[in-house]
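Dock chain X against the given chain P, drawing on the hints supplied.
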Amino acid sequence: MAKSKPRVKAPKSASKGDIVTIKTLISHIMETGLRKNKKTGKIIPRRIINKFQAKFEGTEIFSVDIDTAISANPFFQFSMKAEKSGEFEFIWTDDNGEIYTKKSKLTVS
Amino acid sequence: MKDLSRREVIVLGSTAAAAIMVSPTMAFAEAKPAKALLEKFTGGKSIATGKIKLEMPEIAENGNTVPLTFTVESPMTEKDYVKRVIIIAEGNPRAEVATFNFSHLSGVAKASSRMRLAKTQNVVAVAELSDGTFYMAKTEVKVTIGGCGG
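Going down the list, the sequences are from chains P and X.
Counting with the numbering used here, you get residues 206 to 314 for the letters of the first sequence.
Counting with the numbering used here, you get residues 60 to 209 for the letters of the second sequence.
If you're looking for bench data, these hints aren't it; they were derived computationally from the structure.
Any given hint might turn out to be false.
Straight-line alpha carbon distances no greater than 30 Å define the calculated BS3-like cross-link-like pairs of lysine-lysine that follow [unchecked claim]:
hint : chain 1 : residue 1 : chain 2 : residue 2
1    : X       : Lys201    : P       : Lys260
2    : X       : Lys94     : P       : Lys241
3    : X       : Lys104    : P       : Lys256
4    : X       : Lys178    : P       : Lys228
5    : X       : Lys201    : P       : Lys228
6    : P       : Lys308    : P       : Lys208
7    : X       : Lys110    : P       : Lys256
8    : X       : Lys178    : X       : Lys138
9    : P       : Lys256    : P       : Lys217
10   : P       : Lys307    : P       : Lys208
Far from chain P, by Cβ distances over 12 Å, these chain X residues were calculated [stated by the list, open to error]:
hint : residue
11   : Lys110
12   : Leu127
13   : Glu155
14   : Thr179
15   : Gly191
16   : Thr192
17   : Ala196
A few chain P positions that, by computed beta-carbon distances, are all more than 10 Å from chain X [to be verified]:
hint : residue
18   : Asp300
19   : Ser309
20   : Lys310
Computed from a predicted structure; not experimentally measured.
Positions of the beta carbon are idealized from the N, C-alpha and C atoms, including for glycine.
Isolated chain P, as found in the complex (with noise of 0.2 Å):
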């Protein structure tokens, strides 16, 4: 599988007290591990990003716990309060441990 690319669409300025919609989406098969593989009959196994987080200045803004019904190239929009001026960090986790990161500054006046 090729790897997993995760993009971000993250607004770079806004004013203080704006509520920002944050676009988030990370190349990924999402296997479930349900299906077989046709030709040998064994199940391939399961491998999702099993959780993906949002953080600003280090402290998180909402997160999803993912079971396998999440589609695959898993999208997730969602939003923040913008007070202060800050970094964004988003953080998925794969089955196999690894873990892909994205970042992105806010500027709030």
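Same frame as chain P, but now just chain X:
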């Protein structure tokens, strides 16, 4: 091939009827894990309706990727906010879809994602508020092509 006698036809017919009779009980058995999940989520507390809105298409042509958006009415302050929202698909091989955790920093208790649906079924969203109350929304989605096939 010999033609089926009248008696054989009757026997076949009753077997088919028996198979149909079984299906309601199967549907009941299927809904059980969803119920157990809900009980685990709420700790056995009662769930009210309202406050939460779950938006999904009425008909999903492709069960592999069905958009969902939910919104919970809440001021989202430090004292009064939505803690988490669980999404349950009653008819999927695994009923649990995801749990969304919010904080008062979220601003609004609204999120969107995309999910898989194996077949036509009810999708349930339950929100836990910071005061320990639970609210539920339910919506039926008709699925043309299931999203869990191999």
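Hints and how they fare:
1. Lys201(X) x Lys260(P): Roughly 36 Å separates the two Cα atoms, so the pair is violated.
2. Lys94(X) x Lys241(P): holds (28 Å)
3. Lys104(X) x Lys256(P): Roughly 26 Å between the alpha carbons, so the hint for Lys104(X) and Lys256(P) holds.
4. Lys178(X) x Lys228(P): holds (28 Å)
5. Lys201(X) x Lys228(P): holds (27 Å)
6. Lys308(P) x Lys208(P): holds (18 Å)
7. Lys110(X) x Lys256(P): holds (26 Å)
8. Lys178(X) x Lys138(X): Outside the cut-off at roughly 40 Å; violated.
9. Lys256(P) x Lys217(P): holds (25 Å)
10. Lys307(P) x Lys208(P): Holds, at roughly 14 Å.
11. Lys110: holds (17 Å)
12. Leu127: Non-interface label on Leu127(X) violated, nearest chain P Cβ at 10 Å vs cutoff 12 Å.
13. Glu155: Glu155(X) not clear of chain P: closest Cβ-Cβ about 4 Å, inside 12 Å.
14. Thr179: holds (15 Å)
15. Gly191: holds (20 Å)
16. Thr192: holds (21 Å)
17. Ala196: holds (17 Å)
18. Asp300: With a cut-off of 10 Å, Asp300(P) remains clear of chain X, as the shortest Cβ separation is near 14 Å.
19. Ser309: Fine: 16 Å to the nearest Cβ keeps Ser309(P) off the interface.
20. Lys310: Consistent with the label, Lys310(P) stays out of reach of chain X, its closest Cβ about 17 Å off (over 10 Å).
Of the numbered hints listed earlier, those contradicted by the structure are 1, 8, 12 and 13.
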